[in-house]
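Asker: If you read the sequences in order, they're chains A and B. Position 399, counted from 1, in the first sequence is what my numbering calls 399; the numbers after and before it change by one each time, with no gaps. Position 156, counted from 1, in the second sequence is what my numbering calls 156; the numbers after and before it change by one each time, with no gaps.
If you're looking for bench data, these hints aren't it; they were derived computationally from the structure. Honestly, I wouldn't trust all of these hints.
To be verified - Which residues of chain A face chain B? A partial, calculated answer using Cβ under 10 angstroms:
1. Asn9
2. Arg19
3. Lys24
4. Ala64
5. His72
6. Val79
7. Ala106
Said to hold, decoys possible - Covered stretches of chain B (in silico footprint by chain A; criterion: 3 or more residues with CB under 8 angstroms from a CB of chain A, positions within the stretch not fixed):
8. 90 to 104
9. 168 to 176
10. 209 to 217
11. 373 to 382
Note that the Cβ used here is the ideal one computed from N, Cα and C, for glycine as well.
Now for the letters of each chain:
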Amino acid sequence: MADELYLENIDEFVTDQNRVVTYKWLSYTLGVHVNQAKQMLYDYVERKRKENSGAQLHVTYLVAGNLLQNGHVCHKVAVVREDKLEAMKSKLSTIASVHVYSIQKALLKDSSPLYNTDYDIVKTNLHNCSKFSAIHCDAAVPRMPPDIPRAQTSLQGSSQRENDTGAPSAPAVNGHGPLAAKHPSQQHKGIMGMFAAKAASKPQDTNKETKAEASGVSTASSKPPTKNNIINNFFGKAAMNKLKVNPVPEQPKEEKEVVKPSVAVAEPESSPNPVVEKPGKRTESARIQQKDRKSRTKHVDRSDNEEERDPENAKRKRKRIKQLQSDSSDEEADVPPPPTPEEEKAPSPPPVPALKTELEPATMEVSAGGRKRKRKRVLKSKMFIDEEEGCMVTEKVYESESCTDSEEEFPKPKPPAAHKQPVLPMKKEPKEERKTLKKGAAPANRANKQVSIMGFFHKK
Amino acid sequence: MFSERVAPTAQGLLGPPSAEPPTFPRVPVLGYSDCSGPFRPGERSFGRQYAHVYAVRLAGMRPTLERRARGRWGNDAVLRKLSELQVGEKCCVVGTLFKAMQLQPSILQEISEEHNLVPQPPLPKYIQPSDELILEDELQRIKLEGAIDVQRLVTGTIVAVYGSEQDDGRFLVEDHCFADLPPPLPWNGPTSDRFVLLTSGLGLGSGSGEALLSTQLLVDVVTGQLGAEGEQSCAAHISRVILAGNLLSQNTQSRDTINKAKYLTKKTQAASVEAVKMLDEILLQLCTSVPVDVMPGEFDPTNYTLPQQPLHRCMLPLASPYATLHLVTNPYQANLDGVRFLGTSGQNVSDIFKYSSMDDYLEILEWTLLAGHISPTAPDTLGCYPFYKSDPFILTECPHVYFCGNAPRFQSKLLQGAEGQRVLLVTVPDFSTTQTACLVNLRDLTCQPITFSGFGAEDEDGDMEVGH
Chain A
1 MADELYLENI DEFVTDQNRV VTYKWLSYTL GVHVNQAKQM LYDYVERKRK
51 ENSGAQLHVT YLVAGNLLQN GHVCHKVAVV REDKLEAMKS KLSTIASVHV
101 YSIQKALLKD SSPLYNTDYD IVKTNLHNCS KFSAIHCDAA VPRMPPDIPR
151 AQTSLQGSSQ RENDTGAPSA PAVNGHGPLA AKHPSQQHKG IMGMFAAKAA
201 SKPQDTNKET KAEASGVSTA SSKPPTKNNI INNFFGKAAM NKLKVNPVPE
251 QPKEEKEVVK PSVAVAEPES SPNPVVEKPG KRTESARIQQ KDRKSRTKHV
301 DRSDNEEERD PENAKRKRKR IKQLQSDSSD EEADVPPPPT PEEEKAPSPP
351 PVPALKTELE PATMEVSAGG RKRKRKRVLK SKMFIDEEEG CMVTEKVYES
401 ESCTDSEEEF PKPKPPAAHK QPVLPMKKEP KEERKTLKKG AAPANRANKQ
451 VSIMGFFHKK
Chain B
1 MFSERVAPTA QGLLGPPSAE PPTFPRVPVL GYSDCSGPFR PGERSFGRQY
51 AHVYAVRLAG MRPTLERRAR GRWGNDAVLR KLSELQVGEK CCVVGTLFKA
101 MQLQPSILQE ISEEHNLVPQ PPLPKYIQPS DELILEDELQ RIKLEGAIDV
151 QRLVTGTIVA VYGSEQDDGR FLVEDHCFAD LPPPLPWNGP TSDRFVLLTS
201 GLGLGSGSGE ALLSTQLLVD VVTGQLGAEG EQSCAAHISR VILAGNLLSQ
251 NTQSRDTINK AKYLTKKTQA ASVEAVKMLD EILLQLCTSV PVDVMPGEFD
301 PTNYTLPQQP LHRCMLPLAS PYATLHLVTN PYQANLDGVR FLGTSGQNVS
351 DIFKYSSMDD YLEILEWTLL AGHISPTAPD TLGCYPFYKS DPFILTECPH
401 VYFCGNAPRF QSKLLQGAEG QRVLLVTVPD FSTTQTACLV NLRDLTCQPI
451 TFSGFGAEDE DGDMEVGH
């Protein structure tokens, strides 16, 4: 019988799950009117006590009524334990209502479990907290969402960080953990609201871009990248670096416009820009920081690539595509520019001082490391750009290396004696050796680099 | 109020579930208009001096006081300005009171090097027997003595004194009067029972959980979840809820982050953030069921000077989509269902309490009404905006309900005026300490306190008012 079903439910909640079952909790869980929930609880208590007089059930009641106090009639609403019920009723001059507030197995020391139960169930049902109430208000209608996102977006940006910091803190009385769950969903609404607001202005911006660049690709691709940028704002620079690849036409604008980071304000005219400015700003700061360290991370390489790309406005599209494929060569190109001048100097004067031999291994290692990367780039487009030893030599070296690798043995590297013998073949040999060494190492490194880079690419 | 009608059905919910429990519709709002326009300054320039406030205050209240003076001391009473005083002549002077108090905290004295003073700790009252009253008008000032209660009065009150100047340059007061009650407003109140719930001092974020259950019970009663059917149907007649300030607790005001090192405070967030989230949830529950007016208070995240501007709706993302949420100023004035409400979050009354011998909040509230000014001590000891065009705190019309929030206990009084004014004075108690709110019946201007309590580890004593 459906009527008896609630009895079993309550039984299960109270005895099996050992919960504190308040009328409000029962009303939300079973989806019934609050008054029905109160009556159900009372019914359950009565039946249980009839069946088994030794039942371990503790009940709290709500008593409300008038009380004469300090000369005026005060309306009192109190939650009392069962044993205090009669005492409270006798104190009140007139009783307005009595009903069951909660049932639980254990004796409650104070009313905080009641509060916590109610708080939790209301938290999970915030959007329809008056659904089962006895009073319905017609005027309580939420306003339409488009009016709200403007205010919400500014809240989302600031509350996100506060959420992150606030989540670990645990207040003494109440668990505010679930609250964080509410905010991200709101933020996504806010983000989508932001996106909806931007979608309207996006055509304008994309129109501008088509006029400037005549790139139909960007209009189509700008939407997903900017959307990703919005969401990736919260995820980190690495993802954004990758996505920065696409919205390149916006980059020169960004670089000119990005002066101060502005998170909160989303103005209609420049609405995609602040969002993309933000990733632009972040990558810029990353650039500045990491460039100082001159670390060989992919971020640096990529940002260097972007910097190198930026001044060359004409070949942007091609470079983009090429950069995707020839990432490793790009990286190779990055590190050599600093040591390139040194390398160029080294081979040009035939007398090679001893000190330079020491330098050379270092530079040549670097250059070999660069060379092996450059080789790839050279293969594609930079073949004729200055190499460390002049183009011809490199080419020859390259070619010869590929065949000497199998033939030659590896002579030891010469001791750093001050041999000022401009013996080219001699020099070539150590160089070749080193090149072969590097070459031996290079393909391995290259292979490694290749794997790692492509792996990086595929991942994102 | 509630009980007489509903007593028969009180125990109705002690029984097996009935088929269709009734749902009561909330009484619709008959009429609402916000009259707090004067409390929202259009421009906010703080470049002016505060002397202009007193000038406009005196200019605004002078006509009223002159009328009262003539009514009290005869039409032929001589009205003089201070500059026209003659020794020994009985006349009547209208001016602003200034009370010279030794204990009054003065920032200039504190930072003066020649005095080498330690900053004074805050005292409950700063009055001393040696305080003096001085009357000022537009040009001059004169010391007062005589039939005037120095301890009781505060700086900034506009008063008319009747007496004569003495040889020593002081003014001997024989009688004095204030602006008295402002002219009455026509009564358009409802004919059936309608209630407005007044509460203040929710004190969220205080870290103590005792008042939280009471707050939840309050919300449940208003939204109709708590109580038997009779009580719920009565609760459906609550047409509005006014939260009069101090929604956040004083504990959220800690400024340790300013003094501590950055590495210690980097990951902490202000206590007010959590408290505002809780406030948002509570407001959401209320807003889905009843119109709510939220006034800011002393500890709430808004400006400090009076008139305090409404809380910004960006802080309340859950509740602000609802049209039933109204974020209003402090002080707040509105016509609710034909009844004029005027009230503050209590800063004006507590400030007068500090500088006057009056101890009772209700007495102070009544006195401000009789003095014709909501907050005479502003800007002397209470921060306020430097008005220069007009003083919005002057009472021009007599409200029907005049309340102040965050009082230590609940008090109410119905004041009858000589010109037919009927004012219900209510001191709304601080909910976090007393767990008491006020229900005002708009039909007959009566007020009933409503108390909530849970149960604690210790047994309840005879003292029922303060819940656990």
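Asker: Report holds or violated for the interface hint on Ala64 (chain A), using the least CB-CB distance to chain B and a cut-off of 10 angstroms.
Answerer: Check passed: Cβ of Ala64 (chain A) comes within 6 angstroms of chain B, closer than 10 angstroms.
Asker: Against chain B, with CB atoms and a cut of 10 angstroms, does the hint on His72 (chain A) hold up?
Answerer: holds (7 angstroms)
Asker: Return the status of the interface hint for Ala106 (chain A): holds when the least beta-carbon distance to chain B is below 10 angstroms, violated otherwise.
Answerer: With Cβ-Cβ at 14 angstroms, over 10 angstroms, it is violated.
Asker: Under a C-beta cut-off of less than 8 angstroms, do 3 or more residues of the stretch 90 to 104 of chain B approach chain A closely enough to confirm the stated coverage?
Answerer: violated (count 0)
Asker: Between the stretch 168 to 176 of chain B and chain A, see if three or more residues pass the 8 angstroms beta-carbon test, and mark the coverage as holds or violated.
Answerer: Three-residue rule not met by the stretch 168 to 176 of chain B, so violated; n is 0.
Asker: Please check whether Asn9 (chain A) passes as an interface residue: C-beta within 10 angstroms of a C-beta belonging to chain B.
Answerer: This interface hint is violated because 13 angstroms lies over the 10 angstroms limit.
Asker: Are at least 3 residues of the stretch 373 to 382 of chain B within less than 8 angstroms of chain A when you compare beta carbons?
Answerer: violated (count 0)
Asker: Using 10 angstroms as the Cβ threshold, decide whether Arg19 (chain A) counts as touching chain B.
Answerer: violated (18 angstroms)
Asker: Count the residues of the stretch 209 to 217 of chain B whose CB lies closer than 8 angstroms to any CB of chain A, then report whether that count reaches three.
Answerer: That given contact holds, which follows from 5 residues of the stretch 209 to 217 of chain B lying within Cβ reach (below 8 angstroms) of chain A.
Asker: Quick one, is the Val79 (chain A) hint okay against chain B at 10 angstroms, beta carbons?
Answerer: holds (5 angstroms)
Asker: Taking the closest Cβ pair, is Lys24 (chain A) under 10 angstroms from chain B?
Answerer: holds (6 angstroms)
Violated hints for the displayed structure, listed by number in ascending order: 1, 2, 7, 8, 9, 11.
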